[in-house]
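Chain order of the listed sequences is A and B. Mapping of the first sequence onto the working numbering: residues 139 to 462, in sequence order. Mapping of the second sequence onto the working numbering: residues 139 to 462, in sequence order.
Incorrect hints may have been included.
For identical chains, the list gives no copy identity; a pair is met inside one copy or between any two copies.
[Said to hold, decoys possible] Calculated pairs, EDC-like style, for lysine to aspartate or glutamate (alpha carbon to alpha carbon, straight line, at most 20 Å): (1) Lys326 / Glu394; (2) Lys199 / Glu152; (3) Lys432 / Glu246; (4) Lys373 / Glu152.
Derived by calculation from the structure, the hints in this document are not laboratory data. These figures come from a predicted structure and were not determined experimentally.
Number of protein chains: 2
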Amino acid sequence: MSQESTLANLGESESLRRTIGRLIQGEYTLVGPGDDAAVVRAPDGKFVVTTDTMIENHDFKLEWSTGFDLGYKAIATNVSDVAAMGARPTALVVAIALPSTTNISWLEAFADGLNAAITELAPGAEVVGGDIANSDLVFVSVTAHGDLDGREPVLRSGAKVGDVLAVAGTLGRAAAGLALLQSDTDAKSAFDDLVAIQLRPQPPVASGVAASLAGATSMLDISDGLARDAHRIAKASGVSIQINSKDLQGFEAGVEQAAMRLAVSASDWVRFGGEDHSLLATFPEGVVIPREFKPIGLVVEQTDHLVTLDGIELQQNGWDSIRG
Amino acid sequence: MSQESTLANLGESESLRRTIGRLIQGEYTLVGPGDDAAVVRAPDGKFVVTTDTMIENHDFKLEWSTGFDLGYKAIATNVSDVAAMGARPTALVVAIALPSTTNISWLEAFADGLNAAITELAPGAEVVGGDIANSDLVFVSVTAHGDLDGREPVLRSGAKVGDVLAVAGTLGRAAAGLALLQSDTDAKSAFDDLVAIQLRPQPPVASGVAASLAGATSMLDISDGLARDAHRIAKASGVSIQINSKDLQGFEAGVEQAAMRLAVSASDWVRFGGEDHSLLATFPEGVVIPREFKPIGLVVEQTDHLVTLDGIELQQNGWDSIRG
Numbered sequence: 139m140s141q142e143s144t145l146a147n148l149g150e151s152e153s154l155r156r157t158i159g160r161l162i163q164g165e166y167t168l169v170g171p172g173d174d175a176a177v178v179r180a181p182d183g184k185f186v187v188t189t190d191t192m193i194e195n196h197d198f199k200l201e202w203s204t205g206f207d208l209g210y211k212a213i214a215t216n217v218s219d220v221a222a223m224g225a226r227p228t229a230l231v232v233a234i235a236l237p238s239t240t241n242i243s244w245l246e247a248f249a250d251g252l253n254a255a256i257t258e259l260a261p262g263a264e265v266v267g268g269d270i271a272n273s274d275l276v277f278v279s280v281t282a283h284g285d286l287d288g289r290e291p292v293l294r295s296g297a298k299v300g301d302v303l304a305v306a307g308t309l310g311r312a313a314a315g316l317a318l319l320q321s322d323t324d325a326k327s328a329f330d331d332l333v334a335i336q337l338r339p340q341p342p343v344a345s346g347v348a349a350s351l352a353g354a355t356s357m358l359d360i361s362d363g364l365a366r367d368a369h370r371i372a373k374a375s376g377v378s379i380q381i382n383s384k385d386l387q388g389f390e391a392g393v394e395q396a397a398m399r400l401a402v403s404a405s406d407w408v409r410f411g412g413e414d415h416s417l418l419a420t421f422p423e424g425v426v427i428p429r430e431f432k433p434i435g436l437v438v439e440q441t442d443h444l445v446t447l448d449g450i451e452l453q454q455n456g457w458d459s460i461r462g
Numbered sequence: 139m140s141q142e143s144t145l146a147n148l149g150e151s152e153s154l155r156r157t158i159g160r161l162i163q164g165e166y167t168l169v170g171p172g173d174d175a176a177v178v179r180a181p182d183g184k185f186v187v188t189t190d191t192m193i194e195n196h197d198f199k200l201e202w203s204t205g206f207d208l209g210y211k212a213i214a215t216n217v218s219d220v221a222a223m224g225a226r227p228t229a230l231v232v233a234i235a236l237p238s239t240t241n242i243s244w245l246e247a248f249a250d251g252l253n254a255a256i257t258e259l260a261p262g263a264e265v266v267g268g269d270i271a272n273s274d275l276v277f278v279s280v281t282a283h284g285d286l287d288g289r290e291p292v293l294r295s296g297a298k299v300g301d302v303l304a305v306a307g308t309l310g311r312a313a314a315g316l317a318l319l320q321s322d323t324d325a326k327s328a329f330d331d332l333v334a335i336q337l338r339p340q341p342p343v344a345s346g347v348a349a350s351l352a353g354a355t356s357m358l359d360i361s362d363g364l365a366r367d368a369h370r371i372a373k374a375s376g377v378s379i380q381i382n383s384k385d386l387q388g389f390e391a392g393v394e395q396a397a398m399r400l401a402v403s404a405s406d407w408v409r410f411g412g413e414d415h416s417l418l419a420t421f422p423e424g425v426v427i428p429r430e431f432k433p434i435g436l437v438v439e440q441t442d443h444l445v446t447l448d449g450i451e452l453q454q455n456g457w458d459s460i461r462g
């Protein structure tokens, strides 16, 4: 790598120009990058907004993630929160801090990862603004926006007694991928599909709108594990949630081989593993649930136990981003 | 300070709860913090969005800035970009990363700083979402949103030959404040008004809407110094800009005592100093320029020199956030 192409040598303007120059354009953008601010359409007179941050050595390791992976994950984890409101992603802003010794090719790969995730997960959206700063550690902060097309947002607090609990997307695969990355190289390559989900999450973004249209009463994105996120719906909605272990067996089957290889519990990954960014939603009994949602339980009157698995309390052994 | 009240001991949920609990509510918020995303009104079917990042030891030092100062500055620097589009700030999201050994009182002061800046600079706006993460260095990333009330945004690219160049807000005071902080304590306390502008910038936010209503043809917020930001307007608009040094004398007078004390040039602070977050705008000849804008020059046909001071080329010795 030529020393001339480090960010320090290119400077902020040129680094920004090269990066922004690669970004794909979206359908909602009225004024894109390059001014003090962007301007984005919000056709129904309101917009959804969410933010999420990834920090080197806390949320990712540069030895595991390429610039492309990191760009992809930054988009994926944020549009998943937009989807969880029942909205369609429209625009994002991306702030990144990184060492000035970084080669521009890393940043270009990061931009390509942003593009790939938008193309695959949020077509029509655009990175309308951003910021590049200098820091010893890599730090990525994304804010994502969405359009509800006139619908009400689907909150965590709307679950009703009698509703069906259902999940769209994977469970346990991202946790399996993380465990594989932390293990020996051999196991990693044998289960590269699981590693890929950890590095480049595949949230079922379109299912968020589908759930809203189907009448979902509550929804969130499972970032901290099924158990913890089910607790959040139960708490916000003033209900309890019963999960049936037999409905989780399909998810367990998907990670069983890897769990055996690492001599750990597949069901723990499915119950407690975070970062799949799947959607957990509740639907009134009798509605036609979108086919990508798999029913896994029921909403019942609130008891001492907010979440049970086969009638036994399910603790929320999830992930705390401060305590780790 | 009790060890019990560190963020590590309180955990993410409780730290967030205590912080969010302090935040004031705004007029545009439909769904505030606590769900996967917030929902914000955009009455005219579009919204303005901008993002800015502050990193410890690059953009601030914890020995100089309190938590309150940092919260204040995070809001101020971002709403100033919203104002520079001619918009009114409506909502912000704030991501902060900080050591888990930080006492919750620091984070509470940060929240109070957010509130104070919103009350003073962007009344009606609200912090509608955020993120708290763990990092050895403090890192603050804010995304701000604004409402144009049906108007077109004021871009950098609209300056026309014959327009008057004018500035609202201070010039050189933030640079003076920084130089004072870097100097001995004695000078610092003698010019605490200048230090205060560096720590808690006072962008003339309402003047952004006023400029738009008056017919401003271009506008930006002076974050990197008058010279560099005037170049940006000239380049984006395909014009040259003539600045008159006599029109800068009032700004120089405001920092002259401090410059003498530090034996440096007051006019350099005014011409090249960043972080005042004042508004630089161009207005068609003959319009009534809002009184808070001081005319300092003219827009002319583009020449080899994009910006001149009394006819001599003014170099853009501003600030590069990567090269420093």
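Up to 20 Å between alpha-carbons, please classify Lys373 paired with Glu152: within, between, both or neither. So Lys373 and Glu152 pass the 20 Å test across copies only (15 Å; inside, 49 Å).
Please work out whether the CA atoms of Lys432 and Glu246 approach to 20 Å or closer within one copy, between two copies, in both situations, or in neither? neither (38 Å within a copy, 42 Å between copies)
Give the relationship of Lys199 and Glu152 under a CA distance limit of 20 Å: within one copy only, between copies only, both, or neither. Neither: 27 Å inside a chain and 27 Å across chains, both beyond 20 Å.
20 Å Cα threshold - placement of Glu394 relative to Lys326: Classified as within; 14 Å inside a copy, 64 Å across copies.
The structure fails hints 2, 3 (numbered hints given earlier, in ascending order).
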